[in-house]
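Number of protein chains: 2
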Amino acid sequence: MRRIIFASKNEGKVEEVRYIFNDLKLEIISLSDVDFKGEIIESGNTFEENAMIKAAEIYDKYKIEVIADDSGLVVEQLNGEPGIYSARYAGSFAKDRENNEKLLNKLKSFPEPHRAKYFCAAVYFKGKEKYSAPGEVEGVIINEERGSMGFGYDPLFIPDGYDKTMAELEYGIKNKISHRYNAFSKLKNILRSNTD
Amino acid sequence: MRRIIFASKNEGKVEEVRYIFNDLKLEIISLSDVDFKGEIIESGNTFEENAMIKAAEIYDKYKIEVIADDSGLVVEQLNGEPGIYSARYAGSFAKDRENNEKLLNKLKSFPEPHRAKYFCAAVYFKGKEKYSAPGEVEGVIINEERGSMGFGYDPLFIPDGYDKTMAELEYGIKNKISHRYNAFSKLKNILRSNTD
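If you read the sequences in order, they're chains A and B.
For the first sequence, the working numbering begins at 227 and goes up steadily by one.
For the second sequence, the working numbering begins at 227 and goes up steadily by one.
FYI, nobody ran anything at the bench for these hints, they're computed from the structure.
Incorrect hints may appear among the rest.
In this list, chains with the same sequence are indistinguishable; a pair is considered to hold if it fits within one copy or across any two.
[Said to hold, decoys possible] With a straight-line Cα cutoff of 27 Å, these simulated DSS-like cross-link-like pairs (lysine-lysine) come out:
1) Lys343 / Lys289
2) Lys354 / Lys343
3) Lys343 / Lys356
4) Lys390 / Lys289
5) Lys356 / Lys402
6) Lys263 / Lys287
7) Lys356 / Lys289
8) Lys354 / Lys239
9) Lys352 / Lys321
10) Lys235 / Lys412
11) Lys321 / Lys343
12) Lys412 / Lys334
13) Lys251 / Lys414
14) Lys321 / Lys251
15) Lys334 / Lys239
16) Lys352 / Lys332
17) Lys402 / Lys354
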C-alpha cells in the first residue's frame, strides 16, 4: 500500500489525521514509526512556514510523500498569542498543563468572553510539488479545564455552536469541526490524485 | 460560471492553459481581460517563487482565485541559462527572435547535442491556500529555427521522442507533452475540488 509520512510525533495529531484520511487507500506513518530521532527547528514566522520546514526536512531524508501541519491557538485579547508558540508557550519542553496554566494566568486580567481560534496550516510536500491549506475553528477560552480527551488547549476551548470543550466533545464530532479537519480535508484531493 | 484569473498577458500561454482546462466548468480570464496595467516585478530566484509572486499580487488586487506560471528553458551546456530569464534573455523587452539568436550564439562553441529542458512551475493561489507543481519536457536545442507555431524558444526545441520542434508539432500534440501541460495538469484536481 502507498505510504505517506505524517511529519509528527504527537500521537494525538497522528490519530486525528489517520481518522480524517481513513477513507483513502493510504498507510500514514508517523515520525515514531520511522524512528526519526532528529530535532526539527521550527524557525518560521507563520504556521505555514513551520509546516513547510518540517515537511521539507522529512522529505529530504526519506524521499517519500510527506504531509505535515503546524497548529496553534490564536487568542484575540493576547494579540494572537500563543500562536506559533502554542506547543512551547510555557517553555521548550512544556507540558499541556503548563501551557494551559500560563494561558489562564495571562487571561485573568481580561473580561470574558476570551475569543479565540484554533488555526492549522496543513501541507503536502513532494519535492517541487507543494500544497498548503489553512483550517480554523472559532470559539472561546474558558477559565478552567474541562474534559480529558484531545490534547493541547482542548480542555479550555469551546467551539462556537457547542457547549462542550474540545476535550469533552465526542471524537467523531471534534474531528468534523476541528481546525485540523478543515485544513487536512483540503489535502484529500491531492492525496487522491497523486497515485504514482 | 466560476471565474479564475490566469496571471498572464501572454496570449500564447493563455490559449495553452485554456486548452488544458477545457474540460472543466471554468472561465479562465487573463490579465488583458481584466485590463491589468501594472508591472509585476519577478524578483524571485526560482520559477516557483516568480509564479507565486505573480499569483499573490493578482490575488491581492482582484480577490478571486488565481493560477499562474513561470516557465523557461534550462540548457545544460549553459549551466541552466536562460532559466528564469528566458523571456528577457536578450533584454527587458526582447522579442522571441532576439532571445533565440542570443541562445544560438552562446551555443555555437559547444558540441551537439545541446541537451535542454523546458521547465514550468504552475501555481494556484487563493489567500492562504497555495499550491505549486513542476512540469518539464526534455529535449535538444537545434541550430536554426524551424516552425511557426508556439512562442518563445519553441522553434529551436525538439522534445525527446519527436523529430519536430515545438513550433512544428501539431497543437494537440504539443499540448499533451509540454512542460506547461505537465505542470497545469496537476492543478486540475485542485480546481475541480474548490467549488466555493
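Problem set entry | Alpha-carbon proximity between Lys356 and Lys402, which holds within one copy, between copies, both or neither at 27 Å | both (25 Å within a copy, 22 Å between copies)
Problem set entry | 27 Å Cα threshold - placement of Lys412 relative to Lys235 | Classified as within; 22 Å inside a copy, 30 Å across copies.
Exercise. Is the C-alpha distance from Lys354 to Lys239 at most 27 Å within one copy, between copies, in both cases, or in neither?
Worked result: both (25 Å within a copy, 21 Å between copies)
Exercise. With identical chains treated as interchangeable, where does the CA-CA distance between Lys251 and Lys414 reach 27 Å or less: within a copy, between copies, both, or neither?
Worked result: Cα proximity of Lys251 and Lys414: in one copy and across copies (11 Å, 21 Å).
Exercise. Taking 27 Å as the upper bound on the Cα-Cα distance, should Lys334 and Lys239 be classified as within, between, both, or neither?
Worked result: Neither. Shortest intra-copy (29 Å) and inter-copy (58 Å) distances fail the 27 Å Cα cut-off.
Exercise. From the Cα coordinates, with 27 Å as the cut-off, is the pair Lys343 and Lys356 best called within, between, both, or neither?
Worked result: both (26 Å within a copy, 21 Å between copies)
For this session: First find the shortest C-alpha distance between Lys356 and Lys289 inside one copy, then the shortest across copies, and answer within, between, both or neither for a cut-off of 27 Å.
Result: both (14 Å within a copy, 22 Å between copies)
For this session: Since the copies are identical, ignore which copy is meant and state whether Lys343 and Lys289 lie within 27 Å (CA to CA) inside a copy, between copies, both or neither.
Result: For Lys343 and Lys289, the Cα distance is within 27 Å only across copies (23 Å; inside one copy 34 Å).
For this session: Indicate which option fits the pair Lys412, Lys334 if close means a Cα-Cα distance not exceeding 27 Å: within, between, both or neither.
Result: neither (37 Å within a copy, 50 Å between copies)
For this session: Classify it for me, Lys263 with Lys287: is the Cα-Cα distance of at most 27 Å met within a copy, between copies, both or neither?
Result: within (12 Å within a copy, 45 Å between copies)
Exercise. How would you classify Lys390 and Lys289 at a CA-CA limit of 27 Å: within, between, both, or neither?
Worked result: For Lys390 and Lys289, neither the intra-copy (41 Å) nor the inter-copy (36 Å) Cα distance is at most 27 Å.
Problem set entry | 27 Å Cα threshold - placement of Lys343 relative to Lys321 | within (20 Å within a copy, 51 Å between copies)
Of the hints listed earlier, those the structure fails to meet are numbers 4, 9, 12, 14, 15, 16, in rising order.
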